[in-house]
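Asker: What follows is each chain in one-letter form.
Number of protein chains: 2
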Amino acid sequence: MAHINHNFLKLQKNYLFSDIAKKVRAFQEEHPEAHIISLGIGDVTQPLAPAVISAMHQAVDEMAQGNTFRGYGPEQGYSFLQQAIIDHDFKPRGISLDLDEVFINDGAKSDTGNIGDILSLANSIGVTDPIYPVYIDSNVMSGRAGDLLNGKWSNIHYMPCTAGNNFTPAIPQEKIDIIYLCYPNNPTGTVITRAELEKWVDYAMRHNSLIMYDAAYEAYIQDEQTPHSIYEIEDAKQCAIEFHSYSKTAGFTGVRCGYTIVPKALTALSDAGEAIPLNSLWNRRQSTKYNGTSYISQRAAEAIYTPQGQQEIKATIQYYMENACLMRQTLKDIGMDVWGGENAPYIWMKTPQGMDSWQFFHHLLHRTNLVCTPGVGFGPSGEGYVRFTAFCNRENCQEAMNRISNQL
Amino acid sequence: MAHINHNFLKLQKNYLFSDIAKKVRAFQEEHPEAHIISLGIGDVTQPLAPAVISAMHQAVDEMAQGNTFRGYGPEQGYSFLQQAIIDHDFKPRGISLDLDEVFINDGAKSDTGNIGDILSLANSIGVTDPIYPVYIDSNVMSGRAGDLLNGKWSNIHYMPCTAGNNFTPAIPQEKIDIIYLCYPNNPTGTVITRAELEKWVDYAMRHNSLIMYDAAYEAYIQDEQTPHSIYEIEDAKQCAIEFHSYSKTAGFTGVRCGYTIVPKALTALSDAGEAIPLNSLWNRRQSTKYNGTSYISQRAAEAIYTPQGQQEIKATIQYYMENACLMRQTLKDIGMDVWGGENAPYIWMKTPQGMDSWQFFHHLLHRTNLVCTPGVGFGPSGEGYVRFTAFCNRENCQEAMNRISNQL
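One line per chain: the protein sequences are B and W, in this order.
The opening residue of the first sequence carries number 86 in our numbering; numbering runs sequentially from there.
The opening residue of the second sequence carries number 86 in our numbering; numbering runs sequentially from there.
If you're looking for bench data, these hints aren't it; they were derived computationally from the structure.
Just so you know, these numbers come straight off a predicted model, no measurement behind them.
Which copy is meant is left open, because identical chains are indistinguishable; a pair holds if it fits in one copy or across any two.
Pairs of lysine-lysine, DSS-like flavour, derived with a Cα cap of 27 Å: (1) Lys349 <-> Lys108; (2) Lys260 <-> Lys349; (3) Lys107 <-> Lys435.
Construct all of the structure, not just a fragment, from the sequences and the given hints.
Answerer: Dropping the structure here:
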């Protein structure tokens, strides 16, 4: 008699974005004339860079000829892309990596979820709060989260990030085995200073903890001081896995490509207390349960590292950041407290008049026909905040800000 | 202190195909003049169908324009592809499916590995032997396989398929929770009759077992009687998940697209003895840990269902099957015992003169500079057999068969 993984029954019924979609659909049905603009889900709107388009056409043409056709690629990705990543995303920051420390994936969501495969179910988990829901949900599914009590999972240590601590999580007093950090942060749009990141690496080294560092938004960093990679910090290769995605860097949410760095110096303990390299475990996991990323998507990713590609993707990032700037200013002008939006495509706003996150969501939808994401959907400390994304097109962004200025 | 998943340490060190690659590399270094032809790994060689190429170019062009650009698709896949699958792969066989029973994936390997996420670690496992290694290795990783004793995993029930039983596994006497079946079979190239498949569905219904049915090679079936889908058997929707891949159907090993059917009538038990629909669990798993298949790959897959696409992919399948026919005949002519190759692109051969699988692998490599896959790499009952694939190009196939005729 086949049995299910009972941990799935612990998951909360509704997923944040499907919840939002349902409420928006219901509103649209009641108000068919309303022109709803979504500043909710963090999906890109601008077309792919011409350099990327051209590389994809070329890759497709290669697949049409016997002498250039490609079948199975390496499960870890093609070296042409691994090398381009090392040369452009790491070497200029003084970080050296070997090809076999770079694992090409189909986007950060798969790897941040699947990475748990190689780790003990007994590890304790630490998360900043609010947080991208995948980190927690994937741990709930595997049984690592414990039980849900008063909105929190019993085996997860929550590190509140609120206006009260300027969104800087306190370094825990206790030992936590695995800590998820995401900077620039989704959902708050805030960044971490080098000094704060050093404290985390120091903590992890002292406790043999493992940091899961999600750098999916690093391309949005505008200032010179903010670290783009945790490996800019000494010793981080001994305590951190880093996740990257081209979804936001180059508009690849429909193309599906990213990468994960698992340094060879990184170990975790076996039951016998032996230090086991995580690189070889992840390599084995991917060889067994993954068959590599689409060749066409890998060529698309390679193209963003050409001079033309770099220029084009930076122009699109700038476009989104100008949206963010307009949004920040408009929200401030009407007296709102906002964070983020300076080194990240997200703006985090305190809800006015003591409304909770969902109350403001409905208030905004009814008054302005705009959609935001209720902060509480990202965790208990997100209550009383909402997230706006800058990934809209300019016209919608301007229209949305006009409505906020005039109708909210 | 972070700990690893200790089950990974139970895995055997070497993976079959990397093992083979190493031995072939070593041989090539010793014999730089040798023209080695691989009939080993089951990877396609023929270019993509023109209908597919054209659809991919069009999809790439859509991504270049703001008004046709696509960001995140549904995690479950686009309905245009789900509908094409239902209309072409199932309706003509009298099988009705809803759109939300079809999950688009990036190839069958990911889903056959990841499906374990939704199932209890306490389930017992049954496999035909020999078998595609992913089924077992993914269960070893999660801890479902038990311990390795004398070449077999303690919690896995092996069902030998040898010449002795004409490669027809006996229906088990005991209750097994999850059973993996793959037809047309990788590695033996044999098929299952409708009557035998009915026995499996009957077994699963009696014991509340779950069948994982891997139909990755169904497009190679040539005769009229052999079932293409387990859902051709009554009640199978209540006891089976079915995996499909375009890798072999349309040469997509580098494109990455396939699909998994999880019928809504299919349930497994919770700890409380309640029947839980697996469709909703898998949907939740995919929504949380997967971000959908590349849009371009999904349009590529859609194109194979057009009249032109069908004609083109069938011509390529025919090409490979003519290779298989030539290989079968050549091997028979020199007195070998062979199976498969009639409804599948694989030929399974008994090694001559009492050689074991690896002995024959080396013998073949040294005498003819050809590469086969040692049967024992697929499980204990594969000992004394080797696998040849018909996915080579014609020239290599003919040259290889000449060598076998003249030099073996």
